[in-house]
Every structure is written in C-alpha cells, then in structure tokens.
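K.L.:
Generate the whole structure from the sequences, applying the supplied hints.
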Amino acid sequence: MDTSQSQDLQDTLSYLHNEINRIEAIAETLSTRARDHYHQLTNYDDKGLTDMAVEEQHAARQLATIQKMCITMAGKLGQLNEDGHGDKGWESGQVDQTH
Amino acid sequence: MIKLIENMIRSAIDKSVDKMITTAIRDQYTENLFEMIPTAGKIGMVNLMEIAMRGNHGTPISRPLGSPIRLSPWEKILFNPVHLFRFPTQETMGIDTSVTIGPRAKKPMTISIPIMIAAMSFGGALSKSAKIALAKAATAVGTATNTGEAGLMKEEREEAQLLIGQYNRGGWMNTPDKYKQLDAIEIQLGQGAQGSCHQRTSSKNIGEDYREVYGLQEGEAAIIHSRLPGVHTKDDFIQLVRRLRDETGVPVGLKIAATHHLEKELQIAVESGVDFITLDGTEGGTHGGSPTLQDDVGLPTLFAISRANQFLTQKGLVQGTSLIATGGLATPGQMLKAMALGADSVYIGTAAIMALVGEQVVRAVPFEPPTSLVVYTGKRTSQLDVDQAAMSLIRFLNASLMEMEQVAETLGRATLSDITKADLCVMDPFLAKATGIQLGYVAPEEQSQFFDETKPFFLSPDHVGYDESTIHH
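Keeping their order, the protein sequence lines are chains A and B.
Following UniProt numbering, the numbering of the first sequence begins with 1 at its first residue and continues without gaps.
Following UniProt numbering, the numbering of the second sequence begins with 1 at its first residue and continues without gaps.
Keep in mind that a hint or two might mislead.
Below, computed lysine-lysine pairings styled on DSS-like, alpha-carbon distance capped at 27 Å [to be verified]:
| id | chain 1 | residue 1 | chain 2 | residue 2 |
| --- | --- | --- | --- | --- |
| 1 | B | Lys-107 | B | Lys-234 |
| 2 | B | Lys-315 | B | Lys-180 |
| 3 | A | Lys-68 | B | Lys-106 |
| 4 | A | Lys-47 | B | Lys-136 |
| 5 | A | Lys-76 | B | Lys-180 |
| 6 | B | Lys-379 | B | Lys-421 |
| 7 | B | Lys-264 | B | Lys-234 |
| 8 | A | Lys-68 | B | Lys-421 |
| 9 | A | Lys-76 | B | Lys-106 |
| 10 | B | Lys-154 | B | Lys-128 |
| 11 | B | Lys-136 | A | Lys-68 |
| 12 | A | Lys-68 | B | Lys-180 |
| 13 | A | Lys-76 | B | Lys-107 |
| 14 | B | Lys-107 | A | Lys-68 |
No lab work stands behind these hints, which were simulated from the structure alone.
P.N.:
Given below as structure tokens:
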C-alpha cells in the first residue's frame, strides 16, 4: 500500500470512528428519552398507552445495546488503525473526537 | 321461581352427597370408589392416567411440555440486597441488559436482553403462525429466536432479526444454502426432555407446508436420528465445528441434554472451539415426549449450569465461551439465578408459549387445551391472532426484564451480567457445598468453620466405597 492509499485508509477509519462515536452519543440520549417516556406513559390507566410504554422500554434497551455495540466497534477501529500504522494515529488525538 | 329451583337443586345435591359419603363409609373398602383416592395418592394422578394411556396406546405416550417434576431447587437460593456496604443502583440509571453471544466469533451476536426464545420447531412442534408470532416478538425486543430441529422457514427468517438455527440430527438445516442465512448456528445433539434419543414424526402429521420446509417427500416420516449424520467420532465433531466457524463467521455452538457426564462432553466441546454451549436441563420442555425420557433421564438445570461454569472457569474459558441455560426456567427470578450461577443468557420455551397464548386461551378452553392454538397439529391454530400473541409475549418479556432489573438495582449492580454467585446465598448446606454459593445460615467469615465442623456430613461417595464400577454393575 503506497502512502496516499495509507492516508486514505487512515482518513476513512478516522471518519468511521467519529461517526460511530456520534451514533453512540445519540443512542444514549434516545435511550434515556425512551425510558422517560415509559414512566410518563404508565401514568395513565390506559391499555393502549401502557403497550406503547412497554415498546418504549424495549426501545430503550435496544438503544443501550446500540451504544454498547458502538463502543466495541470504535475499539476495533482503533485497534485496526494501530495495527496498520504501528502508532496510536488518530486514537492519540490527531483527529478531533466527537466527545 | 328461581329461588324454588335453587332450593330443589340444593336439596338434590345435599341428598346425593349424603348418600355418597354414607356409601363410602359403609361399603367394603375393596369395593369402594374411595379406593381411588389412596391409589392416586400412592401412584400419583399423572402416573395413574399415564398407566391407562399406555394400556390404551401400546406405544410410548407423548406427553407435551416436559416433566412436571421440578428438580432444580431454585427456591432455596436468594439474592443479597445491599444498603450501605455497597449502595443500591440509582433508579435513574438504566440497567444494562445486553449480552454478546460468542464474543470470539468473527461476527458475534449481541442481543438486547438475556432471554432468548428456545428451540421449538415449525411442524415438529409449532404451527407457522406461532413461529411467526415468536419471531415478531423476539425482533421487537431485540433478542433471538431459534428454529428448533427443522429446515429454514422463509417466513421465520424474514420476521426474525436474529435467528439461531439448529444444525440438526434430521439434517434439514445442514446445507450451506440454509445455515449461511443464520445469525448463529447451534449444533443440536440432544435436549433435556429427550436426551439424545431419536424422534419420529409420522407422515400422517406432516402437511404440505411442513414437507416444503423439511424437503420431505409425500408419505415420508420426519426422523431425528440419535446421532448427527456424519458425526461418529469426537474428531468428526471437532472438524464440523471448525468448518462451520470458518464458512460462516457466526457463533457456532453446541446444544446437549444436561447429563452427569457433563464435564466429559464439555471437554470435547471446548476442544472443538465452540463459541457457545447450550445446556438443557432435565426440566426442559418438548412438543411431546415419553414420560420416562422426561422424568428419569438427565441432570437438573441448576446443577448443569453450576458445574459447567466451574468447568469453564477452571479451563480459563469463561469469558470467551458463552453459556446458555435452558430447561424449566419459568420465572424472572429463576432466569436471573441461572445467570448468577454462570449462564450468559437463557432460553425460554414453555413460558414463552404460555405468554404467547395469553388472553387468547379463551378461544381454546374448555373443550381444547390452550396449546391447541399453537401446536402444528392443534385444532385451533387458525384462531391464533399473530399480532396479539406477539404483543402478549412482548409484555411478558418487558415485565420479566423489569423484575430482573429491580433485583439488579437492589444488589447495587449496573448490568445484569455483573450479577454473580457473590450476590447469592443458599438455604441448604449441601447445595452450598455443591455450587460454591455461600450458606445463608452463617456469616460469610464463618463459612469455613461451619463446613470444617460439619465435615462428616459431607463425605463424598468415594469415602463410602461408591465408585464408577459399582454404578455400572
């Protein structure tokens, strides 16, 4: 792989890493929101709203799972970058992190 | 008028009961209908009826849903809440319920809740609509469902976001065109309610849709062999696992009936490099199986999981090899205790089916059993509302998860998978000794002293001359 291709790969990995971090942050926010919805929707004695609350609660868990999967994927991308370049690359702060 | 009829009925009942009691008291005991009461007490009502059924059929009878005998003493285990020594988890914090099955696989499978839908095959066990309802519910909650010993049903694959397929002893899923469509592969060598015994579904119970999924000819029976086709040696099995892992990249696991030979079976499983191990305790359910295989064969789920966890811990494989518990797990407490004992996740079968049927039970009873709505050969399968059934199961799973989360909160744990034996105590010294859970009778620092002082009560069979040779003869 020549220097230009290597740089392209590093840029792509960096882009993916940043986006995955963003998805993780969004999933966390939405998960918290969905959990709040569960509590709000169960305030009413209505079967339909309770079913929506149940679905919100499951959505909250699945968003938390997405968050966890993003953390794992971000870690793997970081490892890929290290393996490819023998240094920390953008993991060590060359590229701005989302958070 | 109504009052008059009511009084007449009361009077008739009064006279009939009086006559019945008087007859029961005066008649010779050997000629007395009352003899049925002590007889049923001696033999058991279930056994009494099954004796009559055997006498009528002349072939092994097929009891649905598994053994009524509950051999795993889950009720003797309790969780240990915390207050100050460690603080409870704050209620505003969500409890992490996700689990990754087969973390060493190229494509591990992450599920949002640690409860999966157990292997229940289309045709061999359930109707198409029941399988679709299970798949819909599993997808809605972010978990996996299992094909059971069947071929790949297109509709199930489409509905299930995560589908575990059984590489089975009937051979119906064992070709690349099928198993490459799965999210995890479970090599099925046995099940709690059947051991590794063969099973046969007669062609009279096989419809066109069944034949299509299984690739059977008209008039051909569906046979699950006692051995997996092509696997006759330990090396055959090891090669199969390696080939499936290489070809697919998805987690490849092994499912067996729990047995006292557990460690010997697990040794071969870990040599093969399986990503997960499913242990089905003797309490495991089935669409129908002989009472003897259900009641008298296997090892209870609780001990199977505890022993497997100890085995994997000793081998240093507890992190890389997922352990899945199944067999008679009916309550969230039992499921969470299985996880605390070392299971990464659990499968539920009977509980899922009961939840699925839910309120729709009224469409079957009193003239048909509730399962007639969901089993392939059931008389009421066309009356099952798939979306309503899926929603009942979604609600059940949410309620179960929330109860498990409540326990995690009071234990001061942030994730369900962080709950371990250290969060348990047990109300039986033998169980404590066998499972490594602390005995609730005495303080943690007095455990050693208690067991030292009571050593004579815990002599192993080796100390009383009870070795394997005596077992064989």
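K.L.:
List in ascending order the numbers of the hints, as given earlier, that are violated by the structure.
P.N.:
As far as the earlier hints go, 2, 6 are violated by this structure, in ascending order.
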